[in-house]
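Colleague: Sequence:
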Amino acid sequence: MKPSEMRNLPAADFDKEIENRKKELMELRFQAAMGNLAQPHRVRQLRREVAQLNTIRTELGKGEQA
Numbered sequence: 001m002k003p004s005e006m007r008n009l010p011a012a013d014f015d016k017e018i019e020n021r022k023k024e025l026m027e028l029r030f031q032a033a034m035g036n037l038a039q040p041h042r043v044r045q046l047r048r049e050v051a052q053l054n055t056i057r058t059e060l061g062k063g064e065q066a
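Going by the numbering used here, the first residue of the sequence shown is number 1, and it counts up by one from there.
Don't take each hint at face value.
Ranges of calculated distance between the beta carbons of each label pair, as one might list FRET restraints [stated by the list, open to error]:
hint	residue 1	residue 2	range
1	L60	M34	34 to 42 Å
2	G61	A33	20 to 28 Å
3	G35	G63	24 to 32 Å
4	E5	R42	16 to 24 Å
5	N54	E27	30 to 38 Å
6	A38	A11	20 to 28 Å
7	A32	G63	18 to 26 Å
8	S4	R44	16 to 24 Å
9	R7	G35	19 to 27 Å
10	L37	G63	16 to 24 Å
11	M34	T55	18 to 26 Å
12	G35	P3	28 to 36 Å
Okay, derived cross-link-like pairs now, BS3-like style, lysine-lysine, Cα gap no bigger than 27 Å in a straight line [unchecked claim]:
hint	residue 1	residue 2
13	K62	K22
14	K16	K62
15	K22	K2
16	K16	K2
17	K62	K2
18	K2	K23
Derived from the structure by calculation, the hints contain no laboratory data.
All C-beta atoms, glycine included, are put in the ideal place defined by N, C-alpha and C.
With the hints as extra help, turn the sequences into a complete structure.
Modeller: And the structure:
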C-alpha cells in the first residue's frame, strides 16, 4: 500500500491495518525460522509499511491537536 493510500484511510482503520501487518510479519518470521520462507522481501516490506502507518497516524493525530 502506498503512503498516499494510507493517508486516505479512516482513523479507525489504522490500528486494524497495523495489527494485520504485524500478524503477517509474525507468521513470516516463523516461516523464516523454520526455513520455509518463500518471499523474504515481504518481511522488509511489511516492516516498512508498519512504520509508515505509525508515522502517518502520528502526523494525523498531531494535526488534529493543533
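Colleague: Confirm or reject each hint.
Modeller: Checked hints:
One distance hint, 34 to 42 Å for the beta-carbon pair L60 and M34, holds here, with the actual separation near 38 Å. Range check, G61 to A33: about 35 Å between beta-carbon atoms, so the 20 to 28 Å window is missed. In this structure the supplied range 24 to 32 Å is violated for G35 paired with G63, their Cβ-Cβ distance being about 45 Å. The hinted window of 16 to 24 Å between E5 and R42 holds, with their beta carbons roughly 18 Å apart.
At roughly 20 Å, the beta-carbon separation of N54 and E27 lies outside the given 30 to 38 Å, and the hint is violated. For A38 paired with A11, a C-beta distance near 34 Å fails the hint of 20 to 28 Å. Between A32 and G63 the beta carbon distance is about 37 Å. The supplied range of 18 to 26 Å is therefore violated. The hinted window of 16 to 24 Å between S4 and R44 holds, with their beta carbons roughly 20 Å apart.
Judged by the Cβ atoms, the range 19 to 27 Å given for R7 and G35 is violated: they are separated by roughly 38 Å. Taking the beta carbon of each, L37 and G63 are about 38 Å apart, not inside 16 to 24 Å as hinted. At about 31 Å, the CB distance of M34 to T55 disagrees with the hint of 18 to 26 Å. Our hint of 28 to 36 Å for G35 and P3 holds, since their Cβ atoms are close to 33 Å apart.
A hinted pair counts as satisfied when its Cα atoms are at most 27 Å apart, and K62 with K22 qualifies at roughly 24 Å. A threshold of 27 Å between alpha carbons decides the hint, and for K16 with K62 the separation of about 20 Å falls inside it, so the pair holds. Distance check on the hinted pair: K22 and K2 sit about 17 Å apart at the alpha-carbon level, within 27 Å; holds. With a C-alpha separation of about 16 Å, the suggested pairing of K16 with K2 holds against the 27 Å cut-off.
Taking the CA atoms of K62 and K2, the gap is about 21 Å. The hint holds against a cut of 27 Å. With a CA separation close to 19 Å, the supplied pair K2 and K23 stays within the 27 Å bound.
Hints 2, 3, 5, 6, 7, 9, 10 and 11 from the earlier list are contradicted by this structure; the remaining hints agree with it.
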